[in-house]
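The residues making up each chain are set out below.
2 protein chains.
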Amino acid sequence: MLEVKTPEEVLALIRREFVPVGGREETVPLSEAPGRILARDLTATEYVPDFDRSTVDGYACRAADTFGCSDAIPAILSVAGEVLMGEGADYDLAPGDCVYVPTGGAIPRGADCAVMIEYTEDYGDGTVGIMKPGVPGMNLIFRGDDVYPGKLILPAGRVLSPQDIGALAAVGETSVPVVRRIKVGVISTGDELVPPGERPGPGQVRDVNSPLLTAMLTGCGAQPVNYGIVVDNEELLRQKVQAAAAECDAVILSGGSSVGVKDAACRIIEGMGELLLHGIAIKPGKPTILGKAGNKPLIGLPGHPVAAGTVAQLFVLPLLDILMGKKQESHPVSAELTESVSANHGREQVNACRLYRRDGKLLAEPIRSKSGLITQLAGADGYFIITRDCEGLPRGAQIEVFPY
Amino acid sequence: MLEVKTPEEVLALIRREFVPVGGREETVPLSEAPGRILARDLTATEYVPDFDRSTVDGYACRAADTFGCSDAIPAILSVAGEVLMGEGADYDLAPGDCVYVPTGGAIPRGADCAVMIEYTEDYGDGTVGIMKPGVPGMNLIFRGDDVYPGKLILPAGRVLSPQDIGALAAVGETSVPVVRRIKVGVISTGDELVPPGERPGPGQVRDVNSPLLTAMLTGCGAQPVNYGIVVDNEELLRQKVQAAAAECDAVILSGGSSVGVKDAACRIIEGMGELLLHGIAIKPGKPTILGKAGNKPLIGLPGHPVAAGTVAQLFVLPLLDILMGKKQESHPVSAELTESVSANHGREQVNACRLYRRDGKLLAEPIRSKSGLITQLAGADGYFIITRDCEGLPRGAQIEVFPY
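Taken in sequence, the protein lines are chains A and B.
Just so it is clear: in the first sequence, position 148 is 147 by this note's numbering, and no numbers are missing.
Just so it is clear: in the second sequence, position 319 is 318 by this note's numbering, and no numbers are missing.
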């Protein structure tokens, strides 16, 4: 029999046992790329900007022509013309000349700085006075300063942000290689379950795990495939798990609160490959099992939605990130605990909480309820962890909250 | 002429001048609800659970029948039967009797506690020994403990998380009233702009703001409507802005780096309603304008994508949150700055950064480049702010980073 593992051991096991799924790349237009995972390193194939540009409204000139000038003794330059936005400046600037250039405009060859209009005076006779000396490079962006062919724009595994989309548009990418959505089968088991749309009869409850896990999977970029509710029957369950494993990249089974069904799930997983884990030292979520058939994870979550959601958040999402090659982490926020929370059961405890700001301070209000009530899910903004050896946290403690 | 305002003044102005748009509610199935904004408070209409349940595998009994029992002197109870998952227990438990009940199973009337199977012994003759005394309520969830009719499940304005979806499924909601996506028109102006799919000629650059703003708008739950690129011509621009304002709930205009176009945008906005703002004391992003036609914001962003993206993140998204009635905030994460950053120009400075973890510490690496290069966008995980009166931040400073 496998032993109960600590959360750290489980994460290490997951990192050791699973690798990204193969044949993962597909190309999508830029407009559909936000939130998708970049399938490979993206490098630029061109220069941005493709010409030397001014970053100010003013006069492009040779810096040497302005050395030593001041308010009192301006440098007098001849205005050789004006650069228009969207047009090139494919000519040579003669010494002693300058051209008016708008922000972002091209500058002619020979010009090596731009002086802001504020430091110039137009004498109206074809000359301007420059009151502030330029230095070479001042107020200019040169060709390729931003991007040049071969420059790494974004690394593989990144979840594309709107800002990334802007950067890709700037370098002329109109489509992007992203990781195709992996398929994850979702199966709920339990004689007591009815579909969410039905009204439960005596002793029955709604299947909450299917919509919960479906939403979590969609949120992490996977494609959930729903296999419905299976009654507590080992043979029916085996057929369903095998069908799901044949069609999907991973299978999540939840439920089977009775010992018999848990054992059945273990037997089914062992029969399909290898059982890796039976029990996590965490509350809620202890009765969790994990196995694999090839590189396909077969996951058995607890039946109670709060426990299932907790284990999915802490272990299933990181596992799917590995399958999808996602490299991005989420980061905890620091917050002050509004009430004390006790914990003394020898297991790491995961507590849902609300986050809100008061007087500039971020506060975390633990969601209290009897063990495992479903309302722990509603309105929670994230969770914090009380370690195994900690007997609880006092009110006012500074904690790290992981936002959902 | 309106004066340049500080970022705080701009946010206060936005809160004062705009209210949620009307007719905002639409109903979507639960499966499409994640990420949507709840349009009104949701209260429960039924009990969850709808029956008294055991939270353990064991025996349901009357606590009084077990008082004083111990390992040495077990209480002997008659086993009156077994509760099956998914079936009711609609009968009275006689004193001195108990029934086997699985986790989540219903308990018969009269039973007021459940004793875990670990603390019992089956004598095989129709009786069990109870080694640990029960107390009323022990290991039970009563009808409505979790949810009862009228209980607030989720407040209006919340962005629905997968966990919220689970909670809604539990209370039998199969569809949810959410805020309809507001339409936001996006117009880029500038003679130098070419569509992202085209190769820029001399002096031209790609229109980055359209795809950038489109992705940001989609990400915040709005529906972008793209009006393309308008050349620097006041009359054409006026027609386009008026058309967009007629069709959308808000209009974002970006570009017009030249002074003439900025003035034109001001005149157009004033002609359509009221000009509220001309310039924000922030870097990048100073040349920003804001007006309104009725409750419709008309926003003029700087042409440079980094400045446009910064102003959109700091001011446009909060403004749209008001229009959509979104109540949820994002929270900064604490991180250590990996390099010093200077700032001494009398404006609040917004700096993009990367976030990564090393030796358990969260580090923020400022993205350095010449002013306003587009690559400041690529790969940035969030931003931090250097206040107006601060001359810079040293390496190792603990800063607050707002994730994108």
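Careful, some of the hints might be misleading.
Pairs involving identical chains hold if they fit within one copy or between any two copies, as the list cannot separate such chains.
Said to hold, decoys possible - Keeping only pairs whose Cα atoms sit at most 20 Å apart, straight-line, the calculated EDC-like set for lysine to aspartate or glutamate is:
#	residue 1	residue 2
1	Lys360	Glu7
2	Lys131	Glu86
3	Lys150	Glu233
4	Lys360	Glu399
5	Lys182	Glu117
6	Lys150	Asp91
7	Lys182	Glu31
8	Lys291	Asp388
9	Lys4	Glu338
10	Lys282	Asp91
Hints are computed from structural coordinates only; laboratory data are not their basis.
Tested hints:
1. Lys360 to Glu7: Between. Shortest inter-copy distance 17 Å satisfies the 20 Å Cα cut-off; intra-copy 31 Å does not.
2. Lys131 to Glu86: neither (27 Å within a copy, 88 Å between copies)
3. Lys150 to Glu233: neither (55 Å within a copy, 39 Å between copies)
4. Lys360 to Glu399: both (14 Å within a copy, 12 Å between copies)
5. Lys182 to Glu117: Classified as neither: same-chain Cα gap 60 Å, cross-chain 40 Å, threshold 20 Å.
6. Lys150 to Asp91: neither (30 Å within a copy, 76 Å between copies)
7. Lys182 to Glu31: Cα proximity of Lys182 and Glu31: in one copy and across copies (19 Å, 18 Å).
8. Lys291 to Asp388: Cα proximity of Lys291 and Asp388: none, with 31 Å in one copy and 57 Å across.
9. Lys4 to Glu338: Answer is neither: 30 Å inside a copy and 40 Å across each miss the 20 Å cutoff.
10. Lys282 to Asp91: neither (74 Å within a copy, 34 Å between copies)
Checked against the numbered hints listed earlier, the structure breaks hints 2, 3, 5, 6, 8, 9, 10; every other hint is satisfied.
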